[in-house]
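Enquirer: Anchor point for the sequence shown: position 113 equals 113 in this note's numbering, and the numbering is continuous, going up by one each time.
If you are wondering where the hints come from, they were derived from the structure by calculation, not from laboratory data. Any given hint might turn out to be false.
[Claimed, not checked] Distance ranges between label pairs, derived from CB positions:
id, residue 1, residue 2, range
1, P16, L108, 30 to 40 Å
2, I270, R173, 25 to 35 Å
3, P105, E52, 28 to 38 Å
4, A122, V279, 40 to 50 Å
5, D44, I157, 25 to 35 Å
6, R46, R155, 15 to 25 Å
[Stated by the list, open to error] With a straight-line Cα cutoff of 25 Å, these simulated SDA-like cross-link-like pairs (lysine to any residue) come out:
id, residue 1, residue 2
7, K174, G123
8, K174, S152
9, K161, Q63
10, K174, Y91
11, K161, G266
12, K161, A60
13, K161, R12
14, K174, D253
15, K161, A238
16, K161, P119
17, K161, R225
18, K161, R74
19, K161, M1
20, K161, L41
21, K161, D90
22, K161, V135
23, K161, G237
24, K174, P264
25, K161, G292
26, K161, E10
27, K161, P16
28, K174, A238
29, K161, L92
30, K161, R85
31, K161, Q2
32, K174, H226
33, K174, D163
34, K174, C94
35, K161, N31
36, K161, T175
37, K161, S205
38, K161, L93
39, K161, D55
40, K161, P264
This structure is a prediction, so every number in the text was calculated from the model and none was measured. For glycine and all other residues, C-beta sits at the position ideal for the given N, C-alpha and C.
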Amino acid sequence: MQIQIRHFIEYRYSCPVQLEPHTVRLRPRCNGIQALLAFDLQVDPRPAGQSELVDLDGNAAVQLWFGDPTEHLRIQTQSTVVTLRRNPFDYLLCDWATHLPINYPSTLAAQLQPYLATPADAGIQSLAWELWDQVQGETTAFLPALNQRIYSECRHILREKGDPWPAGLTWQRKTGSCRDLTLVFMEGCRAVGLAARFVSGYQVSPPLQENPELQGTASKEPAERHLHAWAEVYLPGAGWRGFDPTQGLAVADGHVALAASAYPRGAAPIYGHWLGRGVHSHMSYTIQIQAGSSPQA
């Protein structure tokens, strides 16, 4: 699919603030599963300086720093992306990775260490090992089982601000945003020795409406869009593969990734602070996504 994305975000402050340096990770990644054809970034107020960089996780990022105090910060991006992975299961696992837990070669285990941190929550560990027993430890059966379990038992809510809740709390509540459910999936994978990381990006197809009575009905209004989060799991022989517990899907060409990290904050699309006492801030945004067949298809 060829996808056009326009993302506008505005922060307004009740009085002028001094913006500290901001890191922006809104440039879609470009690799073997998605190609970035065009990208444009506009910032208001105009930064005193900016620097393109590749962060520790290999994400394309822009570092912005500012001069005079301001009452607003506006960031707009326009991207054209072609997604290339039609089949999320087009791989052959290494023989030694077909059953869990995986006995990684020492060099690979050292490289994956940040993505293998074992969760402390007893509820997540119990969930993971229950599913492990049900699928007799088969790697390719465990992942969809965990994905579907979270999708079927947890209610998705929209939470525009804040870090993900602790995975154990989300699983106990059976409610959470996409980033909350992603963390449950990640920690479930790590409990049985699968390396997992957090991904931020866009879901191309519009999500189902929350009210089941409205599903399948036509609407003249464009679907409201939000940033999305899902997980990627490292599978020896397959590399990083995406799973979206909010939708219960293996990720193919219906998602556009921006950034990925072992820790959610490392994949934050915008990260920065401002200086000012007693200041109130308000955030608003719009995301427009148009998708069609790729001219290369």
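Enquirer: Look at each hint and say if it fits the structure.
Expert: Each hint tested on the structure:
no.: 1; hint: P16 - L108: 30 to 40 Å; result: 51 Å, violated
no.: 2; hint: I270 - R173: 25 to 35 Å; result: 27 Å, holds
no.: 3; hint: P105 - E52: 28 to 38 Å; result: 35 Å, holds
no.: 4; hint: A122 - V279: 40 to 50 Å; result: 41 Å, holds
no.: 5; hint: D44 - I157: 25 to 35 Å; result: 31 Å, holds
no.: 6; hint: R46 - R155: 15 to 25 Å; result: 43 Å, violated
no.: 7; hint: K174 - G123; result: 12 Å, holds
no.: 8; hint: K174 - S152; result: 10 Å, holds
no.: 9; hint: K161 - Q63; result: 21 Å, holds
no.: 10; hint: K174 - Y91; result: 32 Å, violated
no.: 11; hint: K161 - G266; result: 16 Å, holds
no.: 12; hint: K161 - A60; result: 23 Å, holds
no.: 13; hint: K161 - R12; result: 15 Å, holds
no.: 14; hint: K174 - D253; result: 28 Å, violated
no.: 15; hint: K161 - A238; result: 33 Å, violated
no.: 16; hint: K161 - P119; result: 24 Å, holds
no.: 17; hint: K161 - R225; result: 15 Å, holds
no.: 18; hint: K161 - R74; result: 17 Å, holds
no.: 19; hint: K161 - M1; result: 30 Å, violated
no.: 20; hint: K161 - L41; result: 22 Å, holds
no.: 21; hint: K161 - D90; result: 36 Å, violated
no.: 22; hint: K161 - V135; result: 36 Å, violated
no.: 23; hint: K161 - G237; result: 36 Å, violated
no.: 24; hint: K174 - P264; result: 20 Å, holds
no.: 25; hint: K161 - G292; result: 31 Å, violated
no.: 26; hint: K161 - E10; result: 14 Å, holds
no.: 27; hint: K161 - P16; result: 22 Å, holds
no.: 28; hint: K174 - A238; result: 31 Å, violated
no.: 29; hint: K161 - L92; result: 39 Å, violated
no.: 30; hint: K161 - R85; result: 30 Å, violated
no.: 31; hint: K161 - Q2; result: 29 Å, violated
no.: 32; hint: K174 - H226; result: 21 Å, holds
no.: 33; hint: K174 - D163; result: 17 Å, holds
no.: 34; hint: K174 - C94; result: 35 Å, violated
no.: 35; hint: K161 - N31; result: 29 Å, violated
no.: 36; hint: K161 - T175; result: 16 Å, holds
no.: 37; hint: K161 - S205; result: 23 Å, holds
no.: 38; hint: K161 - L93; result: 38 Å, violated
no.: 39; hint: K161 - D55; result: 23 Å, holds
no.: 40; hint: K161 - P264; result: 13 Å, holds
Hint violations for this structure: numbers 1, 6, 10, 14, 15, 19, 21, 22, 23, 25, 28, 29, 30, 31, 34, 35, 38, all remaining hints satisfied.
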